[in-house]
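**Student:** Residues per chain are reported as follows:
There are 2 protein chains.
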Amino acid sequence: MDLHREAGLKNDTLLRALACQPTEYTPAWLMRQAGRYLPEYNATRARAGSFLKLVRTPALATEVTLQPLERFPLDAAILFSDILTVPDAMGLGLAFSEGEGPRFERPLRDEAAIRKLAAPDPSAELGYVLDAVREARRALAGRVPLIGFSGSPFTLACYMVEGAGSDDWRTLKTMLHARPELLHRILEVNARAVTDYLNAQIEAGAQAVMIFDTWGGILSHEDYERFSLSYCRRIFEKLLRQREGSRVPSILFTKGGSPWLAAMMKSGCDAVGLDWSADAREARRVAAGKVALQGNLDPSALFAPQKSVREAARRVLDAFGSAPGHVFNLGHGIAPQTPVDAVSALIDEVRTYSRSHRSRMAAGT
Amino acid sequence: MDLHREAGLKNDTLLRALACQPTEYTPAWLMRQAGRYLPEYNATRARAGSFLKLVRTPALATEVTLQPLERFPLDAAILFSDILTVPDAMGLGLAFSEGEGPRFERPLRDEAAIRKLAAPDPSAELGYVLDAVREARRALAGRVPLIGFSGSPFTLACYMVEGAGSDDWRTLKTMLHARPELLHRILEVNARAVTDYLNAQIEAGAQAVMIFDTWGGILSHEDYERFSLSYCRRIFEKLLRQREGSRVPSILFTKGGSPWLAAMMKSGCDAVGLDWSADAREARRVAAGKVALQGNLDPSALFAPQKSVREAARRVLDAFGSAPGHVFNLGHGIAPQTPVDAVSALIDEVRTYSRSHRSRMAAGT
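If you read the sequences in order, they're chains Y and G. Yeah, the first sequence ends on 364 if you go by numbering that gives the first Met the number 0, and it's all consecutive. Yeah, the second sequence ends on 364 if you go by numbering that gives the first Met the number 0, and it's all consecutive.
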């Protein structure tokens, strides 16, 4: 892995762990680490005027991407962006109303619109994301790797068909059961779009990529394979694997994916993200050192006093064990109400405890 | 199983399936089968004036309990009631505001209230539920068995601490991480209360009982065992097992419980309910004919045309296979928007397809 260092990366712990290679401690980053629990994030967002403006302005996106690294010794930065940039570039019209979630002005409701759907050209239509990747890489100056990301084809389809978030995704599910061929058509386009989008991020400088399958967990066992995992597999087949002389690892995370971890591990990704319901010991056994694992602390553990936070971190580290191939993370995005001091305690404990554990192992005690 | 028939039960298919004994077809019932998708239910509810009035009036609860049996050849009735009757009887003050979910007027927020919490005496404080069980049994006159139920100790605690439903259960989770001993105290009381409540239902005539662990799925792997399953196990140890000369089987359902099915199967219940994320083939393999399984059609499959509904039903039946010990159900409660005709098609298909499949097996074809 000297390649990473030759490429100017001062801390390649994340990349080594994702390659199931030994590390001096367990690397850590947090899903949604650049987010509303940070006062400086809220200040930048206020300055931007809106969430979408923040996403679409590379200088501001870079600013918030780096903010958590100033506070905590994290082992990765993740590009600040939104999973819905891709359907927005497809012409669906993304909007965020204050206090509510995302909404599409033109959801996919009729067959004609679905037949016309096409994958966007990232350099032409998602240039602001690629600019943000380039600018964040420059600003990071090799401190830690930059993770690029996308929503999964299925998760994007959920919003594209439903038009917004949902408790039961009834419109989407009705299409799935009544007109599965229409949903498959959307998913095919999405798989091409996500492949192009992630490859463009890699070419712009993303050193690892992650697919967020936020809503795969709403599917039945058989439907998860048919409507979500099979399309992720197509993406992993076509992702660029090398860049700047280094391997670019890929991570697949399905919220609620615990029943399907073994299948996810065989999908062609380098690492599987676990939500907090997953049995880390069992997942490690199934992964057998061939696929790395990322996770999986319950984000709500951060609402407790620091002593409890540290205990919770140690329990997660103990469950994953000290064999190579674990990246510490939460099992879902960090909550906006999370106290910043709890995050400090968490990251400190992960670093300290995993390092001392490795030392004890090395000393044979 | 002649015992059931001697006891006057005309259709004991459910009880035989729950005992992993052969049946002529796969018995079926639906979670929330007496509910808002039925116009006659809405009429009775309107007549009652409120949901709580419906729950608290044995004659009306009996009426809606039997309504779905008039429409569909179901193999069980489930008592119409609400899981929050128990904390209401503990003095928390249950209220339903129109269009919103349940709310407690006096949620458990301070240590003194938690220390004072006590399990209610069902015959004194939940008499209306036991009266409804007795009245429903009389009205059923042995057509099909009557299932009694309760929320799990953990699921009840979720509402008792949070005071209402929640997206993130932050108050509850903060207690879990910061003051676990307080949550354990609530769970101990709840386990006693649920045991007494289910045993009182059995004594009043419930021929099977089910524990709904609706929120167990929000827990981490380790916390599920510590805060939910261990308390269910205590209940199963103390449930009455025989009544009227028949075994009274118990069913445990955790929404989102797929990662923990093996542990659930060893908890002392007779059957495990599967949500739609569960892999039925794998669950059958793990159950090994020792524990029955119930489930697991995605309720949203009922939004599709009847041809798709029938196909979906066959896929579930094929996944469970024809060995004894499967009770057909949805993977979650039926949605209020479900078309009644879709339910007719579903129940017809389950009966017809599973019966013909068994005939083919018997004929060796």
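Keep in mind that a hint or two might mislead.
Identical copies go unnamed one by one, so any copy, or any two together, can satisfy a pair.
The list that follows gives simulated cross-link-like pairs (lysine to any residue, SDA-like), each with its CA atoms no further than 20 angstroms apart [unchecked claim]:
1. LYS306 x ARG169
2. LYS9 x ARG232
3. LYS9 x PHE71
4. LYS306 x PRO179
5. LYS289 x ALA47
6. LYS265 x ALA177
7. LYS9 x LEU51
8. LYS265 x GLU281
9. LYS115 x GLU104
I should point out that these hints are in silico values taken from the structure, not numbers from a laboratory.
**Student:** Please go over all the hints and tell whether each is borne out by the structure.
**Tutor:** Going down the list of hints, with the structure as the test:
no., hint, result
1, LYS306 x ARG169, "between (43 angstroms within a copy, 18 angstroms between copies)"
2, LYS9 x ARG232, "neither (32 angstroms within a copy, 51 angstroms between copies)"
3, LYS9 x PHE71, "within (16 angstroms within a copy, 67 angstroms between copies)"
4, LYS306 x PRO179, "between (50 angstroms within a copy, 13 angstroms between copies)"
5, LYS289 x ALA47, "neither (43 angstroms within a copy, 61 angstroms between copies)"
6, LYS265 x ALA177, "neither (30 angstroms within a copy, 38 angstroms between copies)"
7, LYS9 x LEU51, "neither (32 angstroms within a copy, 63 angstroms between copies)"
8, LYS265 x GLU281, "both (16 angstroms within a copy, 18 angstroms between copies)"
9, LYS115 x GLU104, "within (17 angstroms within a copy, 53 angstroms between copies)"
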